[in-house]
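Participant: Here is what each chain is made of, one letter per residue.
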Amino acid sequence: MALLEVKDLQVYYGVIQALKGISFEVNEGEIVTLIGANGAGKTTTMQTVIGLIPSKGGSIVYEGTDITKFPSHKIVGMGMSQVPEGRRIFQELTVYDNLMLGAYLEKDANVIKERIENCFEQFPILQERRSQIAGTLSGGEQQMLAMSRALMANPKLLMLDEPSMGLSPLLVSQVFDIIKDMNKKGITILLVEQNAEKALAIADRAYVLANGEITHQGTGAELAGSEEIKKAYLGG
Amino acid sequence: MVVAIDGLSLGAIYALIALGYTMVYGIAKMLNFAHGDVIMVGAYMIYTMCTLTWTTGGLPIWAGALIAFVVAVVVCTVLGMTIEKVAYKPLRGASPLAALITAIGVSYLLQGLAQLIWGADQKTLAILDKLGNLHAGSYTIKWSSIITLVVGAIIMVCLTLFVKKTRTGRAMLAVSEDKGAAQMMGINVNKIVSVTFAIGSGLATFAALLYLPTTAISPTLGSMPGIKAFAAAVIGGIGSIPGAMVGGVLLGVIEVVCNSIEGVASYTTAIEFAVLIIILLVRPIGLLGKKRRVKV
Ligand SMILES: Nc1ncnc2c1ncn2[C@@H]1O[C@H](COP(=O)(O)OP(=O)(O)OP(=O)(O)O)[C@@H](O)[C@H]1O
Ligand SMILES: [Mg+2]
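Which chain is which? The protein sequence lines are U and L, in order. For the first sequence, position 37 matches number 163 in this note's numbering, and the numbering has no gaps at all. For the second sequence, position 187 matches number 206 in this note's numbering, and the numbering has no gaps at all.
Derived from the structure by calculation, the hints contain no laboratory data. Take these hints with a grain of salt, some might be off.
Claimed, not checked - Calculated pairs, DSS-like style, for lysine-lysine (alpha carbon to alpha carbon, straight line, at most 27 Å):
#, chain 1, residue 1, chain 2, residue 2
1, L, Lys48, L, Lys183
2, U, Lys200, L, Lys183
3, U, Lys311, U, Lys282
4, U, Lys239, L, Lys184
5, L, Lys104, U, Lys182
6, U, Lys200, L, Lys161
7, L, Lys210, U, Lys195
8, L, Lys184, U, Lys195
9, U, Lys282, U, Lys306
10, L, Lys210, U, Lys200
11, U, Lys233, L, Lys198
12, L, Lys198, U, Lys239
13, U, Lys200, L, Lys184
14, L, Lys198, U, Lys282
15, U, Lys200, L, Lys108
16, U, Lys200, L, Lys198
Owing to the predicted nature of the structure, the values given are computational and were not obtained by experimental measurement.
Using the sequences and the hints given, assemble the complete structure.
Facilitator: Now the structure itself:
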């Protein structure tokens, strides 16, 4: 059974249809990537799945439960978490507060403490900066914080929306390494990327989204090898 | 000295009210113009309950006043949450203008209801004035001013700690900065908005209690302090909690100082709003307001 199963999902902004009935699934333990040009509907898909944007048609089933009409806090409570496009860390709050907010739905103080310790172990820089206002972190540090914040929820399914955006090549590689590492630790990943080459390289399966429709799907290797995809998304 | 204490204590009242405006604005992104009228309801509740407990007897005066105050806090908190649920929540996502006009409508509704229930004639209840004056050397200071100052300071410290250190407080800051990101943390925004209205209205009741020594109770009691406190919130930077405190105290001090100077007293309100305009000209986001980064 798929962990996440999206069927014929339709989303409108006013009269403009941003998603024209897309279907895809993410199985437990997989890295699935969603690639596509600017404005294809990737962010819309991610935000609809987590309950921030209402859908007009279709269904979203998570762990066998139809969550299409669920409010976001309920969906997050079921073990889904997201690193949003543009990171959207809480710029005016400290690093520590950001992490605590990531664990908002966890009530057990000991569990939260343990997660914070794990996080600091993985990202010592965040421990160093724990009392710093997050908006003053460097871009790379902010991305680490955004990912750590999402991990503080201890998600089963982690969705990342362009986590490599605006980072130096070295940091981009680091981000992809972290994603692979999280997946090895048992977290299922749904990854949206502009950097299609790198995304396809780590993905088990991939979908191509264009103008609100899924045009291609296959394993990461299949799509990476397809001439058509190479031309359109991999720069020749 | 006396002017300073009176000014700070009036400032504390404005600050308590301004906090209600600023927190609601920060979190629900709306101007709750009915906030001042919650103070009015609080004042009437304290009045009615005091009269009731004092005349039915048996209880010492302070105990009756305490009961009255607790009842008023509960009533106002529930009132604030109800107004939000019934009048504002359905409009979330609609144009800000719709919410603003609704708020003004709620304001008149509350004033009308108060007039129906308690009548249009003024009532007075000087519970804190019963305490008299403190004589220190050559100074005579009203106890009510001192209590106002102390209570106001304690509340502001508690509120600051609450917002900074607790789970709910942190969630309020998160919603205020980025509602969508807050939702992704699993925060139930509706609940946080409701809590914010509850806190704002609770604070308004404290303001009502502390404001009573200086005013008669009438259905329009909330208008003037409401507008002044709104100005204070804007001066401090709407949406900023420390800003509301600073703005409130600043306005209170200006008001008392102006009132104490002969010839200037009749221009007090004009001077206060001139200060507002000057500050906004120099610093449009208010003293402690934050520049919002443009969202992409
Ligand atoms: N709030 C909105 N109101 C109206 N239209 C919107 C809104 N958000 C997105 N759109 C439109 O919906 C379409 C899909 O946008 P979306 O942000 O999902 O694309 P994307 O694939 O994430 O693009 P990018 O790679 O640039 O992030 C675009 O045409 C966009 O203009
Ligand atoms: Mg996007």
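Participant: Hint by hint, note whether the structure agrees.
Facilitator: Now the hints, each set against the structure:
Restraint check: the Cα-Cα separation between L/Lys48 and L/Lys183 comes to about 20 Å, which is no more than 27 Å; the hinted pair holds. Restraint check: the Cα-Cα separation between U/Lys200 and L/Lys183 comes to about 25 Å, which is no more than 27 Å; the hinted pair holds. A C-alpha spacing of about 10 Å is found between U/Lys311 and U/Lys282, which places the hinted pair at or below 27 Å, so the restraint holds. The straight-line distance between the Cα atoms of U/Lys239 and L/Lys184 is roughly 15 Å, inside the 27 Å bound, and the hint therefore holds.
In summary, the hint linking L/Lys104 to U/Lys182 is supported, as the alpha carbons are separated by about 26 Å, within the 27 Å threshold. At roughly 53 Å between alpha-carbon atoms, U/Lys200 and L/Lys161 are farther apart than 27 Å, so this suggested pair is violated. Taken as a hint, the L/Lys210 and U/Lys195 pair is honoured in the structure, with Cα atoms around 18 Å apart against an allowance of 27 Å. At most 27 Å may separate the alpha-carbon atoms for a hinted pair to count; L/Lys184 and U/Lys195 exceed this at roughly 33 Å.
For the given pair, U/Lys282 sits about 14 Å from U/Lys306 by alpha-carbon distance, which is consistent with the 27 Å threshold. Proposed proximity of L/Lys210 and U/Lys200 is supported: the alpha carbons are some 13 Å apart, at most 27 Å. At roughly 21 Å between alpha-carbon atoms, U/Lys233 and L/Lys198 fall within 27 Å of each other, so this suggested pair holds. Taking the CA atoms of L/Lys198 and U/Lys239, the gap is about 25 Å. The hint holds against a cut of 27 Å.
At most 27 Å may separate the alpha-carbon atoms for a hinted pair to count; U/Lys200 and L/Lys184 meet this at roughly 24 Å. Straight-line distance between C-alpha atoms of L/Lys198 and U/Lys282 comes to about 23 Å, which keeps the hinted pair within the 27 Å bound. Using a Cα cut-off of 27 Å, the hinted pair U/Lys200 and L/Lys108 holds, with the two alpha carbons roughly 20 Å apart. Proposed proximity of U/Lys200 and L/Lys198 is supported: the alpha carbons are some 16 Å apart, at most 27 Å.
Consistency with the previously given hints fails for numbers 6, 8, ordered from lowest to highest.
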